[in-house]
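Number of protein chains: 2
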Amino acid sequence: MESGSLRKYSNFSEWYDYVVEAADIIDKRYPVKGMLVWKPYGYKALKLSMRILENLLEEYGHEEAYFPMLVPEEVFAKEKDFLEGFSGETFVVERTIRKVLMRKFLLRPTSETVMYYMFSLWIQSYKDLPIKLFQTVNVFRYETEHTRPILRVREIIMFNEAHTAHESLEDANKQIKEAIEIYKKFFDSLGLSYLILKTPKWDTFAGAEYNFDFFEIMPDKRAIELGSVINLGQKFAKAFDIKYQKRDGSYEYVYQTCYGVSERVIGVLISVHGDDRGIIFPAHIAPIQVIIIPIPYKGSEEAVFKKCDDILLKLKQNGIRARIDKTENTPGEKYYYWELRGVPVRVEIGPRDVRNNTVTLVRRDTLKRMVVKDEELLPKLNELFKEIFDNLKKKSWEWLNQNIHTASSVEEAKEIYREKQGIIKVPWCGRDECGQKIEEATELEGLGHDPEEKAEGACVICGKEAKWYFYIGKKY
Amino acid sequence: MESGSLRKYSNFSEWYDYVVEAADIIDKRYPVKGMLVWKPYGYKALKLSMRILENLLEEYGHEEAYFPMLVPEEVFAKEKDFLEGFSGETFVVERTIRKVLMRKFLLRPTSETVMYYMFSLWIQSYKDLPIKLFQTVNVFRYETEHTRPILRVREIIMFNEAHTAHESLEDANKQIKEAIEIYKKFFDSLGLSYLILKTPKWDTFAGAEYNFDFFEIMPDKRAIELGSVINLGQKFAKAFDIKYQKRDGSYEYVYQTCYGVSERVIGVLISVHGDDRGIIFPAHIAPIQVIIIPIPYKGSEEAVFKKCDDILLKLKQNGIRARIDKTENTPGEKYYYWELRGVPVRVEIGPRDVRNNTVTLVRRDTLKRMVVKDEELLPKLNELFKEIFDNLKKKSWEWLNQNIHTASSVEEAKEIYREKQGIIKVPWCGRDECGQKIEEATELEGLGHDPEEKAEGACVICGKEAKWYFYIGKKY
Chain A
1 MESGSLRKYS NFSEWYDYVV EAADIIDKRY PVKGMLVWKP YGYKALKLSM
51 RILENLLEEY GHEEAYFPML VPEEVFAKEK DFLEGFSGET FVVERTIRKV
101 LMRKFLLRPT SETVMYYMFS LWIQSYKDLP IKLFQTVNVF RYETEHTRPI
151 LRVREIIMFN EAHTAHESLE DANKQIKEAI EIYKKFFDSL GLSYLILKTP
201 KWDTFAGAEY NFDFFEIMPD KRAIELGSVI NLGQKFAKAF DIKYQKRDGS
251 YEYVYQTCYG VSERVIGVLI SVHGDDRGII FPAHIAPIQV IIIPIPYKGS
301 EEAVFKKCDD ILLKLKQNGI RARIDKTENT PGEKYYYWEL RGVPVRVEIG
351 PRDVRNNTVT LVRRDTLKRM VVKDEELLPK LNELFKEIFD NLKKKSWEWL
401 NQNIHTASSV EEAKEIYREK QGIIKVPWCG RDECGQKIEE ATELEGLGHD
451 PEEKAEGACV ICGKEAKWYF YIGKKY
Chain P
1 MESGSLRKYS NFSEWYDYVV EAADIIDKRY PVKGMLVWKP YGYKALKLSM
51 RILENLLEEY GHEEAYFPML VPEEVFAKEK DFLEGFSGET FVVERTIRKV
101 LMRKFLLRPT SETVMYYMFS LWIQSYKDLP IKLFQTVNVF RYETEHTRPI
151 LRVREIIMFN EAHTAHESLE DANKQIKEAI EIYKKFFDSL GLSYLILKTP
201 KWDTFAGAEY NFDFFEIMPD KRAIELGSVI NLGQKFAKAF DIKYQKRDGS
251 YEYVYQTCYG VSERVIGVLI SVHGDDRGII FPAHIAPIQV IIIPIPYKGS
301 EEAVFKKCDD ILLKLKQNGI RARIDKTENT PGEKYYYWEL RGVPVRVEIG
351 PRDVRNNTVT LVRRDTLKRM VVKDEELLPK LNELFKEIFD NLKKKSWEWL
401 NQNIHTASSV EEAKEIYREK QGIIKVPWCG RDECGQKIEE ATELEGLGHD
451 PEEKAEGACV ICGKEAKWYF YIGKKY
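Taken in order, these protein sequences are the chains called A and P.
Going by our numbering, the first sequence wraps up at 476, each residue one higher than the last.
Going by our numbering, the second sequence wraps up at 476, each residue one higher than the last.
It is worth saying that the hints were derived from the structure and are not from the lab.
Incorrect hints may have been included.
Treat identical chains as interchangeable: a pair holds within one or across any two.
Here are the simulated DSBU-like pairs of lysine-lysine, each with C-alpha atoms no more than 30 Å apart in a straight line [unchecked claim]: (1) Lys334 - Lys127; (2) Lys380 - Lys221; (3) Lys198 - Lys454; (4) Lys474 - Lys28; (5) Lys78 - Lys474; (6) Lys393 - Lys316; (7) Lys316 - Lys185; (8) Lys395 - Lys8; (9) Lys437 - Lys221; (10) Lys380 - Lys185; (11) Lys201 - Lys243; (12) Lys47 - Lys185; (13) Lys326 - Lys394; (14) Lys316 - Lys386; (15) Lys368 - Lys454; (16) Lys99 - Lys33; (17) Lys78 - Lys464; (18) Lys394 - Lys221; (19) Lys420 - Lys467; (20) Lys33 - Lys184; (21) Lys316 - Lys47; (22) Lys314 - Lys127.
Assemble the whole structure, with the sequences as input and the hints as a guide.
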């Protein structure tokens, strides 16, 4: 693809595939469909992001653990809905190169079964509750559909999955609220907008009571799930026999929740914050926060490079991830290169900057250029980092809000979708039957409803008084 | 096992199995042999340790990346010695639950093949060199021998593997020196002693030119490999066709190295630093650095607990990982519990401490007790952390040195081994033939030699002038 021809909104698919590879996020030439190599630049952004979530989980009392990747078949099969839900996409190990094994092992597609087998050994009394654990691991899903780099893959390399167990349904419900709060803070910290919806019953996670999904809208106006928060009720507790002795001496099954986020969040962040020039990283997750470009003229080379080195040192000493581009490319080529990679601030240093004790700054989001005195560089950078972040966040919320439309009939929903895509909400009586009919009639997918948002008007299917809005659209 | 009956040196195997489980490092009840659940306490220590290595690698110019876990069979099979070396222990995926796949995939036992496939795409010119990458990932080896928790497992959950590519053999040799320097710093930072030996040719890593191993001696006096540094020469470059264009326009295969360390290091650390009461963690990798034990007497409860809370807050504000044990156990039970878990410093707070504005400190390694003024707590803790670390490190070097013995004949070596075990070094002419005969005659395993250590005397097999000492012993 030609550099000048990138068009994020009009040709998102091409934009995305080009950018994630050209900007050194991933390499999709690894010879297995749906499995990617993460290059250092992309991996750094992913790690910085995931660490924010891990720290949040710890602040909220979760502890990090590790459970094995291979699940014995008999453990995997204990909860029937789960088995059914994942059996289409789970890889099997039944041999080594030289030898057939006595048992079959499954590559975890998610870790409920592995963890809950252990929970049944760990939990005896109410004193052992609550348990709040998480792990960040690779999981495997044989996606038969169209794979997409980072967004839909067969090896999810950083699945952050939290799993909890509680004394009562009430405690589990509280935990769901806490999980939603944590995820809100996490996506807020990445400047992403989101819609939180209760999943239609017929799409609920295998083995769960109910779940909430966080959705963002991608530049092609399709909805994408950012994370999932699931109330498992007692189904797994019963399947794995996770009982505890209550204060009164009687026994009860525990109540469980789980919630997960993956590297997909970086794919979404790149898509939502980027522009026609490429990625725009918020500074706190940018692998390189400041790129210094020397602009030497004949005779000034030494002074310019020396100043670049001085500035680099100063930035590093102040904890800023900075680098100088000393390649032989022209300044214009360097601008293009680092803009594509989303470095939030560029520092240009030429002979005039040397003479005047100034530096020239260019912020990545607006490309606005400004000259500041050397001694103002650090406070100015911090100011710019904040402004860029605020700007990205504001834009992402505007994008989400302008792509959610209300319709009061099936026909209107179809018409709006034809014209504008995005997410449509329609009044709904709340019954599964009508929800499924909305999906059929509009040929769109149900994303769920917001239980706290009262609807106005009549259910677009049965005409009875609407309880909620049912959100529909096309999903990744 | 009874608490009082722990004997690290006289019954190491029992000590180890008990401690790693009772101290909440791992749970070995996961129903697959050689695969463990890492509990939060153990996982934290592991992560803190591994982060030291990751930071060191980055300081030395390595970048972190991620390569897929599943390796297509045809990629895995490209280097014949490697294939042969790992085919006995590599798991295979050839199906999902519902479907047979078109190709076979192998679970990485280590990532040479995955990475070098990509290197061949990335490296064109000398400008692309050197490449210095690492990743910390789970790898899988079907160990047929006796598995041991953490030390010999079938899923290695944190394999830190670095892989480099260079223009010349000289550069690769320099890289080996750098890797050894990095590993020395890493093991030094954990207070572990080590012996660095060049591996006997007949035991060299599949596909490699030569390698160096770091060995520690365990409490049962068997040698254990802590890490491996490997010069791969051009064998993989030839197998994967990794060529670069030189400055003069001609083409050459790259020269490669790789080096790896795993969670085994924590198993060794627990073993070497521990005592009959359990683990002793150096403070910088201790999941909990200070445990506060309230010693309330009737009437003083409120004041004692308040002071405990105040001290906890103060410690946390100063970045110390601290906790109060508020369980209903007796103080004695609490001491036992946290000593087993290796918390470096215990703070006891009783009514007298409240009255006198003091705290009572007990250091885990010597169990020495001391009373300090409240305002001296922080500097005293830092001092104790340092003293404990220095003491552990000193002891570990003493242990290593006192368990390396010199013998000047096969008979003497056998006799010393019968009496003292440990590692024996014998003068050796340097020829493979004699090295292998030493192994046979002593019924011990060859660990290698130190090329910088000149031997005195005659080769114990052929009687010719000795070039080096050949180190022998029993390995994990």
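Violated hints, by number in ascending order, as checked against the structure: The structure breaks hints 2, 5, 13, 15, 17 and 20; every other hint is satisfied.
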